[in-house]
Amino acid sequence: MNDDRNGQSIRGNRRDVLKSMTLGAIAAGTAATGVLGGGVLTRSQGQARAADKAIKMAFIQYQPHTVSTAWAKGIQEVLSIQPDTTFQLLDGQAKADVQISLMDTVINDGVNVIFVQPVDSVGIAPSIKKAGKKGIPVFTLNIDSTAPHAAHVEMNHYYGAIEIAKAMGAMLGGKGKVAILNAPPGIIIRDQRTNGFVDGMKKNFPNIQIVADQVADWDRKKAQDVLTTILTANPDLAGVYGVNDSMALGAMDVAKSKGLKLVIFGNDGEKDALEAIEAGDLSGTQYTDVFQQGRFAAATATVLATGGVPATAFTSQGHLLMPYVIATKETVGSIGSFQRW
Amino acid sequence: MAQLAQGRWIGLSSVFRSGWMLPVVLIAICAIFTVIKPVFLSSENLLSIVHQVAIIGIMAVGMTFVIMTGGIDLSIGPVLAIAGVFAADILALTAGNLALAIGGALGVAASVGLANGLIVAYLGLPPIVVTLAALSIVRGVALLIAGPELHLIRGPAMFLFIGEGPILGVPFSVYLFAATVVLAVIVQYRTAFGLSVLAIGDNERAAFLSGHHVQRVKSLTYVICAIGAGLAGIVQASQVHTASATYGMGIELDVIAAVVLGGTSLSGGAGSILLTVSGVLLIGVMNNGLGLLNIPIEMQLIAKGLIIIAALTVSSREN
Amino acid sequence: MKLLARIPNRELAAVFVSTVATFSFLSATFRTKDNIEDILAGFSHIGLLAIGQAFPILLGGIDLSVGSILALSGMIAFDGFLIFGLPGPLVIPVMLLAATTAGAINGLLIVKCRLQPFIATLATMAAYRGLTYAISGRQIFPQLATQSINDDSLLGFDGNIGPFPYAFFLTVGVAVLAQLVLSFTKFGRDLFTVGGNIEAARLSGINVGQAIVISYAMSGLCAGLAALILVSRMTTSQENLGIGIELSAIAAAIIGGVSLVGGTGNVIGPVIGAFLMGVILIGLSLLGVTTYAQPVLTGAVLLGAVYYDKLAATKRTHRTGTAA
Amino acid sequence: MTTESLLRATELTKIYGSMVALSNASIEVRPGEVRSLVGANGAGKSTLIKILTGAISPTAGEIVIAGRKVAPGNPRRMIELGIAGVYQHSNLAPTMSVLDNLYLGRQPTLGWGILDRHRQRADALALLSKYQIDLDLDARISELPPVKQKEVEIAKALALEARVMLLDEPTAWLSHSEVERLFRTIRTLKTRGVGIIYISHILDELYEICDTVTILRDGLVVEDCPVASITRPQLLKKLIGDKLASEASGQAGAQTRYPRGTGETKLACEGLSKNGAFDDVSFELCSGEIFCVTGLIGAGRSELMRVIFGADSFDGGRLIIGGEEVLIKSPISAMERGMGFVPEDRHRDGLMLKMSVGQNLVMAILTLISRFGMLRPGLMAHAVSRQISTLKIVPSNPQIAVRKLSGGNQQKVLIGKWLQKRPEILILDEPTVGVDVGAKAEVYAILRSLRAAGAAILVVSSDMEEVMTISDRIMVMRGGRVQGIYDANTVSEYDIVGHVGGQ
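Quick note, the sequences are listed as chains A, B, C and D, same order.
Each residue of the first sequence is one higher than the last, beginning at 1 in the numbering used here.
Each residue of the second sequence is one higher than the last, beginning at 1 in the numbering used here.
Each residue of the third sequence is one higher than the last, beginning at 1 in the numbering used here.
Each residue of the fourth sequence is one higher than the last, beginning at 1 in the numbering used here.
One thing to keep in mind: the hints can contain errors.
Using C-beta positions, here's what the derived DEER-type ranges look like [stated by the list, open to error]:
{"id": "1", "chain 1": "C", "residue 1": "G244", "chain 2": "B", "residue 2": "P38", "range": "34 to 42 Å"}
{"id": "2", "chain 1": "B", "residue 1": "P38", "chain 2": "A", "residue 2": "A170", "range": "32 to 40 Å"}
{"id": "3", "chain 1": "C", "residue 1": "K33", "chain 2": "B", "residue 2": "G103", "range": "41 to 49 Å"}
{"id": "4", "chain 1": "A", "residue 1": "Y159", "chain 2": "B", "residue 2": "L253", "range": "33 to 41 Å"}
{"id": "5", "chain 1": "B", "residue 1": "G103", "chain 2": "D", "residue 2": "I332", "range": "29 to 37 Å"}
{"id": "6", "chain 1": "C", "residue 1": "K112", "chain 2": "D", "residue 2": "V326", "range": "52 to 60 Å"}
{"id": "7", "chain 1": "C", "residue 1": "K33", "chain 2": "D", "residue 2": "D315", "range": "19 to 27 Å"}
{"id": "8", "chain 1": "A", "residue 1": "P206", "chain 2": "B", "residue 2": "L47", "range": "54 to 62 Å"}
Some chain C residues well away from chain A (every beta-carbon gap over 12 Å; in silico) [what the hints assert, rightly or not]:
{"id": "9", "residue": "G60"}
{"id": "10", "residue": "F78"}
{"id": "11", "residue": "F84"}
{"id": "12", "residue": "G88"}
{"id": "13", "residue": "L108"}
{"id": "14", "residue": "V111"}
{"id": "15", "residue": "P142"}
{"id": "16", "residue": "S153"}
{"id": "17", "residue": "Y166"}
{"id": "18", "residue": "F169"}
{"id": "19", "residue": "V231"}
{"id": "20", "residue": "T264"}
Think about it this way: if two alpha-carbon atoms lie no more than 25 Å apart in a straight line, the pair counts; the simulated SDA-like pairs of lysine to any residue are [to be verified]:
{"id": "21", "chain 1": "D", "residue 1": "K69", "chain 2": "C", "residue 2": "R202"}
{"id": "22", "chain 1": "D", "residue 1": "K130", "chain 2": "D", "residue 2": "E180"}
{"id": "23", "chain 1": "A", "residue 1": "K222", "chain 2": "C", "residue 2": "A134"}
{"id": "24", "chain 1": "A", "residue 1": "K256", "chain 2": "B", "residue 2": "V174"}
{"id": "25", "chain 1": "A", "residue 1": "K130", "chain 2": "C", "residue 2": "R202"}
{"id": "26", "chain 1": "A", "residue 1": "K175", "chain 2": "B", "residue 2": "N294"}
{"id": "27", "chain 1": "C", "residue 1": "K112", "chain 2": "B", "residue 2": "L152"}
{"id": "28", "chain 1": "B", "residue 1": "K37", "chain 2": "A", "residue 2": "K134"}
{"id": "29", "chain 1": "D", "residue 1": "K274", "chain 2": "D", "residue 2": "I485"}
{"id": "30", "chain 1": "A", "residue 1": "K134", "chain 2": "C", "residue 2": "Q210"}
{"id": "31", "chain 1": "A", "residue 1": "K258", "chain 2": "B", "residue 2": "N294"}
{"id": "32", "chain 1": "C", "residue 1": "K186", "chain 2": "C", "residue 2": "A134"}
{"id": "33", "chain 1": "A", "residue 1": "K222", "chain 2": "B", "residue 2": "N294"}
{"id": "34", "chain 1": "D", "residue 1": "K421", "chain 2": "B", "residue 2": "R205"}
Please keep in mind that the hints were generated in silico from the structure rather than gathered at the bench.
Small disclaimer: the values here were computed from a predicted structure and weren't measured.
We put the CB at the ideal spot given by N, CA and C, even for glycine.
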């Protein structure tokens, strides 16, 4: 009885293998059609297996987000007018380990340039070195890496935040209670912006007191909840700094619904925020032309890739801090619609 | 009233018999917060707590049905996102056709739930894997449709009213949450469906042999859960005046947590909407209370862990 | 022949092989030695977490806290190396010990406080993450955030033999060891008993509590090992390391045929499951599938694999059913 | 029996909250003694057993094993001291092999906790051959039928080399011949000086195999004497009091029978077959009769019932209800045709244990008590209270969770579930397994009144006493085939047993 069961299962086993072959085929088949069939499934610049001379560029983002999307737009804008250049966008899923695997993957895939917003400056370093060995220039966006690479293009987090502190302090008349709507720890931007803001306040407006620093996960809804709570604890709150615009807008929502007049500053300068500033609901934000940031990266990249300068040639990396505007009701007009992302 | 008295054994009283401990613990926690920070007890604050948990609460109510049948739904996060995006885009395209927007949003949510339900019930695949796959698929579809950008919602006022609009000083979303709870309680204790859900969670084979439409009921629970998520998506979109395919990441864990904290067993059978509500409130109270004290994030997380352990240890002692 | 029939999760293995075959056929890069090496190196830690996860699930439980434990022990390593400048032979045992303890605490909460595993590990998931933030050397000494760990005994873990990284050997080693324990020791049998029928286990004098605690400790230890691999790869650690990774681990374990009901499964399947997910992610990326279409296909393949496994399983039980 | 006792428990008392499960109960077993422990469900038998196996510790009292006083409440210790139990409900690990289950928690090892597979297998084979038990060591428990699982449980206890063995309803799911085999085993154990505590509701077994009897009632020991010194009627009186005693005893079988009832055929099978289960089954079931199907376990009876009720599909033949051929795809359509089904394993297939008595009683009539899906509490409450009173379900509180009820009352709930819609055809699979004598009598009474009301009743039973007591006609099945259909008036128990065994 025992044996004949095994007999059956062995027969079954072969059947199973065959079956599953077809299944696997279907699975990857779907993928294949995606690649060859064009349309939404294929990488933005058409041909999947480009000719060897084609220049392949890949952008590994931190996670799907307005900023990284705007970068991608800027990058593609430049690349689209270059001869046979392909561009692929990959999602780091906000996970250091995933991002590293993707780095390795694109390196093996023989891309000529890698753009990346590292999940972690140090964590990405080994992969960047690896790319360097293969002569692949790497461009980091917003979050630098400790390993030397082609160039780093960054919004000016620290000094921008200091400027925000100055602007906010001025509006507050140098006194009052302020709250920070923060991001969870683990991403360096958070620390740079928060430190900048805190230092800026200390230095210029010692009488302004930061009464709350709460995490709102970059998220507008969370920001609403957190600020509501903070306001219950500090009814006399005068100002709010959201380390990104979504959180600042969340704060704005609360202020509006409670009919409070708060000085609220954000960071990044996405178009919804600029609109809110024009409407007078949001006090201000640090605007950076993220399209431009992408273009800069892409332009430099094209030069290096076509000019045949290998990454191994870099003894020191380019370090570009994006110019920024502290957008307030007065200055916001100067930002053209084509610059709004 | 007489009917209520007669019908009591249908379950209501058994809920209070079995689950009275958690509410007590909840009150105790509130008391502690009040002592440290009296403003905690202010009516506005209590109201804002309910307002803050409305979205999670609406989802948790739906999730309770799924978990009572011994299932689970991990896909609600993306459903929330895709519903919001649909609502936003339809509003944009139809120049503010409210009915169409809400209908479309709930429709797409329901269809995701239906797909989950049919696969789980009729193909008999483990719910956790099916809905995990859905989690990934729906997120992907949402991103393909809408991209990661924020979709600003400029109106109509009626839509923005859903989230914040005050009636007698209470945000509409709170009424919505309350309504969902009442509706769910009625469904659970006053309908054949509710009884079937319990029966299936308790003993599926017996339910089948007693002539219950096991597969149909199971599928339906997933639809309900997804509609809950869709509704939550609309509320959130309305509250933040934006929709995005990236919303609701990881929210499924908070929701399931609320349900399980409420005492609904993941293995099915026992469970109740009202207990889920107390679970939801527990989470809301913790976030609010610790926030009021302006406790730094690291200590907040540790405190949350300890509170959950303490609360559940106490309330599990009761039986 | 008898052996062939005994292969655990042979359906899954078949799916895995065919998926790999298909990708190798469609993408030249996929079949290169470097790429294989990268997949093995890039998903070994998920494999380890899945092995660990298999133990609680075998008992009909679950461990949501692995991500936080991973971050915690990673941060301990970070502090040990960068703040206190301790040598690897000292730090590595400590981080593993810490992880194991964290796991054991989960077990104790379940046994002593009679908490549902889901709740207990949900609570510690928050608590351990908080602890990680609290002890984070990056917050205490911001300049450390841009310093990399260069301790030979740690970085040693990042090497490889041929296309096989040490991390992979570690994973396979742990898997084999764990499997031997499960199938050839009394403790292993006791675990299955507890998972299958806890009352029977109690009545036959098995120390149920002990079994539970050890299982969760095992899960913790595996999270520690995963942290070891990641830290050696990244030459640093991070507060938000491993957020959401518990889902991948659980998924891998279940795809690997560990039943959530408890009492059935092994630890080989979960490893295959983990690498299957890796193969899909990398494969799709290499095929140039746009990033947002990838989750769609991943989900589809996931469903396909499980459904196929289900078909084969029902066929099998039907066979034995008539045989018995 | 002057020899020193293997196990002596004195003055055991167990109190749960306010409820006294056991008070000052004493019990003693000597080498080679088979002591019967009887009592209605809820009399405290299970509590006593649990204490003796260390599953729970008593509120008061002491246990002396082989002259040494032992601390209670420690299963492991009890096993070491040679006390082994075979329980009513499975204590096997369903996902593991028979081999593993035989040595659950005590597999032989080579030290370092490494299993000694060879020794384990050798021991197991030796054991099985010693007691002539036929089991596939590599089969998964979950894949075995109930009877096989029972055998595993018994073999598991034997493997302990127990000095004292507690058998709780060991014959519950065993068929006649298997009971015989079990008794042979017990006799061999006697000769080896093993002491046995034997719990059963079937009095025949008691008189056949036991030497002494301890009768429990409401937690008290009301009698402790040699079996020979007490007559059946006396025993019944002690157990349940006079009024039910006569009904329960086999004599009651002498009441008038109604073969083919009213003569009107309700249900007919023509050459019904299901591969691997039964083959070419034909019979007619009339309204107003109780039609018993008996035979060995594995004769295909339960499978047949499931098919008739639409829970499983069949491969050949015709099923005719009320004159027209029907294809029943699911229990739902079976119910639409006025059928009801009380499954064999009430815990696995019958009851929602966590739910209340009331909820369980309305499980099958949701459509009757709801309009547009909305339940109508008035109707529900009414229906429930009616069943509770007519079936004398105790406790009568509909809010009690079913799992808290005694086996007998659980069974009544399970039957009551169907009575509400007055089924024309009621199928009962082993309706009185693990039900005490008193409740048995009540179940029989219910069936008789149903018959009087003109229902067609199809009963599967392995309990000869039961078959002879209630049946109007008897169908014997063997190996999936119909052996014969007999008029209960004209056939004797002896003949039926003969046909079942197949001589």
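**Message:** For each hint given before, does the structure comply? Return the numbers of the non-compliant ones in rising order.
**Reply:** 3, 7, 8, 10, 15, 19, 25, 27, 28, 30 and 32
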